[in-house]
Amino acid sequence: MSDNHLLDVNSQLLAEPIRKGFGRGLKRAGELDENVVAACADLTDSTQMSLFKEAFPSRFVEIGVAEQNLVTVGSGLAAMGKIPFVSSYAAFSPGRNWEQIRTTVCLNDRPVKVVGSHAGVSVGPDGATHQMLEDIALMRVLPNMVVIAPCDSVEAEKATLAMARDHRPNYLRLAREATPIVTTLDTPFEIGKAYVYAPGTDVTLIATGTMTYQALLAAEQLYKDGIDAEVVHVPTIKPLDAETILKSVRKTGCVVTAEEGQIVGGLGGAIAELLAEEHPAPLHRIGMKDRFGESGEPDELLKHFGLDAKHIRLAAHHIVERKK
Amino acid sequence: MAQKTYSLKQLEQKANTIREDIIRMLEHAGSGHSAGPLGQADIFAALYFDVMKHDPRKPDWDERDILLLSNGHCVPVRYAAMAEAGYFPKKELMTLRRLGSRLQGHPERTRLPGLEHTSGPLGSGLSQAAGMALAMRMNNELHRRVYVMMGDGELDEGNVWEAVMLAGKYQLNSITAIVDRNNIQIDGPTESVMPLEDLKKKWESFGWHVLEIDGNDIEAVIDACAMARAITEKPVVIIAYTIPGKGVDFMEYDFHWHGAPPNHEQAVKALHELRTLGGKIRSEHE
Chain A
1 MSDNHLLDVN
11 SQLLAEPIRK
21 GFGRGLKRAG
31 ELDENVVAAC
41 ADLTDSTQMS
51 LFKEAFPSRF
61 VEIGVAEQNL
71 VTVGSGLAAM
81 GKIPFVSSYA
91 AFSPGRNWEQ
101 IRTTVCLNDR
111 PVKVVGSHAG
121 VSVGPDGATH
131 QMLEDIALMR
141 VLPNMVVIAP
151 CDSVEAEKAT
161 LAMARDHRPN
171 YLRLAREATP
181 IVTTLDTPFE
191 IGKAYVYAPG
201 TDVTLIATGT
211 MTYQALLAAE
221 QLYKDGIDAE
231 VVHVPTIKPL
241 DAETILKSVR
251 KTGCVVTAEE
261 GQIVGGLGGA
271 IAELLAEEHP
281 APLHRIGMKD
291 RFGESGEPDE
301 LLKHFGLDAK
311 HIRLAAHHIV
321 ERKK
Chain B
1001 MAQKTYSLKQ
1011 LEQKANTIRE
1021 DIIRMLEHAG
1031 SGHSAGPLGQ
1041 ADIFAALYFD
1051 VMKHDPRKPD
1061 WDERDILLLS
1071 NGHCVPVRYA
1081 AMAEAGYFPK
1091 KELMTLRRLG
1101 SRLQGHPERT
1111 RLPGLEHTSG
1121 PLGSGLSQAA
1131 GMALAMRMNN
1141 ELHRRVYVMM
1151 GDGELDEGNV
1161 WEAVMLAGKY
1171 QLNSITAIVD
1181 RNNIQIDGPT
1191 ESVMPLEDLK
1201 KKWESFGWHV
1211 LEIDGNDIEA
1221 VIDACAMARA
1231 ITEKPVVIIA
1241 YTIPGKGVDF
1251 MEYDFHWHGA
1261 PPNHEQAVKA
1271 LHELRTLGGK
1281 IRSEHE
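Taken in sequence, the protein lines are chains A and B.
Counting along the first sequence from 1, when you hit position 199 you're at 199 in my numbering, and nothing is skipped either side.
Counting along the second sequence from 1, when you hit position 96 you're at 1096 in my numbering, and nothing is skipped either side.
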């Protein structure tokens, strides 16, 4: 369905937590560059940093439950030429330590790699406190910061390796639950690039992170409905690949965005800003709409909050009508 | 910079010059903090002209000692010391806080070579020092040191104690923290805003070696830094008791000068006092 070496969403797909790809990528990055180091705030297994820690114990720092210290220690490590990956749950980092990221990483311009795991409502039973929905907005607003949300574990591994070579501050958003793997080793990934994962002409579905799989599913269903949807995967929310996105919207004339986070300030916000300035077009944003999550099973929550293929499909029908 | 280049008397003169420059730049800028920088002038004279290994001609020299200014609002004292050391021309001090200046109101690393970090929001310097010390250990750069200047009011920040705990855990002995214990912060005396005592016991209980000195005694600063280098099993904090506004009679001990600059009349009076300081450094007619 595209020339991007994707797997068919109708086939039997393997599913794996996106954070697993990060764990493998970090270990590989550590093998490739001895300056890659890691620090964690008491969630080493959860964030999958344990692989790195086992391989390079002298290059791993256990910070304890102290997220402000986590990123500022990262800033100090980076000042001495290290490439520090610092991880916790997204709700705590960048949730708790935003000012430290702003001052000691972004304004100070040090290449700290902030890794926020367990983002989105799909964290599930832990409830709203742990379901980070504002991280994209918090990080996107910071000058110098790059914001990346891979769609599966295979892409997360590539993203991690790319981050280790990038000289800017980066934020990497990861999810807890198993997400179907749609990309392959041959699928391209480059920081700052968006990719057309399925070509179409009637509507552009722009998705990031876990919602890209849902957008691909929605496109399949829409095709049967007689709507030819183009799916654009945006793994880098900042800097936004305006060229790829606008090229698609100029062709289709309407847009649905999809993300597992607040649409205000998130991918939906970014796309709304881009379209309003460059190419006004009917837009519907799927995501969390100015509310918090709650406890529940991941699948149940995604349905409850309208974060699935079904709602993307409905939105696409609605927006195609509005275009007419 | 070669160490032990200056006699104690010369170092005292350096401190006085730093104070004069602080008064001039703050008056010219029309805003900024007076008390802290004046109180820390002796510490900065000791660090820049005796203690630290550094080279103003090579700010990125990879053998240099690192000085972090966690209390970024006191940066006028650092700018004055850097200019005196030759990092940049003295006349640039008069651009402090002006549009386009490399001398921002709070220090920005990316604008001025010789600054090691961007700071201002309090409580993050010691964490950065810990990161640097960990990296130095990984790199086997055991001869380098990280000095961190901190305010006492800054110790209200939780981030500080996260770093104190971490440095204690990893026994980061390449760190020398210096707390400017001047007992004032913006809202008043530290012990009424948020009591810090027993400060020595607090640091000790986190695994630090604590030295207490008169922070306006240059020789004591130099000796304490030497002692800190000799302590290899723990990080060291020097609690430096200083007089806020030191050297300018009408500013000393008055917390109102924490965040205020002198006006022209006050600056003239302050400079006059600094020039004639007890008659022991220079005569007014010199």
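Derived by calculation from the structure, the hints in this document are not laboratory data.
These figures come from a predicted structure and were not determined experimentally.
Keep in mind that the hints are not guaranteed to be accurate.
[As the list claims (entries may be wrong)] Straight-line alpha carbon distances no greater than 30 Å define the calculated BS3-like cross-link-like pairs of lysine-lysine that follow:
(1) Lys1053/B with Lys53/A
(2) Lys193/A with Lys323/A
(3) Lys251/A with Lys323/A
(4) Lys251/A with Lys324/A
(5) Lys289/A with Lys323/A
(6) Lys53/A with Lys1169/B
request  = Tell me, in ascending order, the numbers of any earlier hints that this structure violates.
outcome  = 1
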